[in-house]
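K.L.:
Sequence:
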Amino acid sequence: MFRILTLAVVRRGSLFSSARRGELRGALRDTTPRDTATRDTTTRDTTIRAAEGRAVNEAEAGAAHAGTAQEWRRHWSVVLVGMLGMALGTVHIYSTGVFLAPLEAEFDWSRSQIMFGFTLLTFVGASLAPFVGALIDRCGPRRLALAGILMYCGFLAALSLATANLYSWWGLWMLLALGGLFTKPTMWTAAVSSLFTQGRGLALAVTLCGTGLGSALVPVLSNQLIEHVGWRSSYVALAVICLVLLFPLAYLRFTSAADDARRASSTAAGRVPQPGLGAKQAILSRRFAQLALAAFCITLAIIGLVMNLVPIMSDNGLGRDTAAAIAGAVGVTSIIGRLATGYLLDRLDGNLIGGLVVLAPIVTCLCFIYAPQSVPVALFAVVVLGLALGAELDVVAYLATRHFGLRSFGVVFGCIVSLWSVATGLGPLIASYVYDVSGSYQPALWLFMPLFVVASGLLFTMGRYPEFPPVAVAEPA
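When we follow our numbering, the leftmost residue of the sequence shown carries the number 7, and every step to the right adds one.
Calculated from the structure, these hints are not laboratory results. Note that the structure is a prediction, hence the values are computed from the model and not measured. A hint or two may mislead.
[Stated by the list, open to error] Label pairs and their computed distance ranges (CB to CB):
1) G284 x P456: 49 to 59 angstroms
2) L432 x Q230: 41 to 51 angstroms
3) Y439 x R259: 22 to 32 angstroms
4) F129 x Q379: 31 to 41 angstroms
5) V250 x R149: 17 to 27 angstroms
6) P434 x G463: 19 to 29 angstroms
7) R470 x Y439: 32 to 42 angstroms
8) Q76 x L354: 19 to 29 angstroms
9) A75 x R259: 14 to 24 angstroms
10) S446 x L258: 26 to 36 angstroms
11) A153 x A107: 17 to 27 angstroms
C-beta: ideal position from N, C-alpha, C; glycine also.
Using the sequences plus the hints, can you model the full thing?
P.N.:
Shown next as structure tokens:
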């Protein structure tokens, strides 16, 4: 009996197991296609989303490229005028060294007495640059630039009137400083920045290449003029050349977004608002302190190197002619560095580009310290320095527009230019003083390297670009 019951239970379990297995196989047959379809649908959706993302990125890239091309088609002439304006603003800088010998011979002044005129100009420019920046924000750069060109050329020609009275020479340089206030980089970069958005980095780079153009042409032209017509007539000739080349172009083609909008519509205050921070808000911000301090450190160290390149290499054992020839590479490489940096700024993060670029002169310092008598190493060091020199002004101007906007760009950048001017005067002085005390430029090289590191750290930590909402302009009643 027990055996019969056991067989019955076993058979029932077998039947149950067979039925259960059948149900499970059926369920699997029913669910597998649905799961597969779900997976296929998920994969398809993912693929579609990825394709849409690529399409959006391509569309944005295409739109950015189209926007850049359109900006250049419409405003290339403003960039050209800005570049020539930048070259004009360097005439007194790159011609002074050529005029030293004839002035010394005629008036029996020391070279430091002659150069003190340039020092006065530097400090006048540094003290008044923020106020000129405020005028740019209020009135627009066009009218100020036209007046500045006339004033600068007039006072440059007036240097030919110098007499044996040293104070007359210094007074003429202070007048030239007033004209130079309205031909500073702030004037030209404010206009270009207002007209370019997608291609702003490269547009600023081309504009600022005017300094390289001036450094290459002005000394040669000044020397030829002095040899043929004397130093007095040379100042007049330089002024006339600058006036004829620049003023007609500036009158016909130089403008800015604010100037265009002011002509198109009239606001109650006569001022067209731009997006960005107010002057007080920008200047009191942490980012302004970082950018201004970085600009000061970079300029002090890099100008200290550039202005002493020939004596540094000569002190290291290279012939003076060889050192001068190698130093000449700075002008060409600075233009290359400026254009390359401008191109990169339009495509990559400006904080990253700036932070990396300002580290490059450390290589120059190390080359001069550890391979002082090698001509190839010296040439390499100067090339690296020139590339960094070209990027310096471009990076700071670009970051100022991105972090603070255009609303108070004149004041903001004018304050930075003031610190720039002070650093320009201090850098060469510190390097020369260190040499007088120690008999070598190597301590100055060791001093400059930490400044580049500090500037790099400040630029790296500037943070993301803020977004400024567009400012609505009230319609005239």
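K.L.:
Could you run down the list of hints and mark each one as holding or not?
P.N.:
Verification of the supplied hints:
1. G284 x P456: 49 to 59 angstroms: violated (34 angstroms)
2. L432 x Q230: 41 to 51 angstroms: violated (33 angstroms)
3. Y439 x R259: 22 to 32 angstroms: violated (45 angstroms)
4. F129 x Q379: 31 to 41 angstroms: Given a distance of about 38 angstroms, which is inside 31 to 41 angstroms, the answer is holds.
5. V250 x R149: 17 to 27 angstroms: Roughly 20 angstroms apart at Cβ, these two residues keep to the hinted range, so it holds.
6. P434 x G463: 19 to 29 angstroms: Because 25 angstroms falls inside the window, the suggested range holds.
7. R470 x Y439: 32 to 42 angstroms: holds (41 angstroms)
8. Q76 x L354: 19 to 29 angstroms: For Q76 and L354 the Cβ distance comes to about 22 angstroms; the hint holds.
9. A75 x R259: 14 to 24 angstroms: The hint (14 to 24 angstroms, Cβ to Cβ) holds, given that A75 and R259 are roughly 19 angstroms apart.
10. S446 x L258: 26 to 36 angstroms: Since the Cβ atoms of S446 and L258 sit about 53 angstroms apart, the hinted range of 26 to 36 angstroms is violated.
11. A153 x A107: 17 to 27 angstroms: 34 angstroms Cβ-Cβ, so the 17 to 27 angstroms window is violated.
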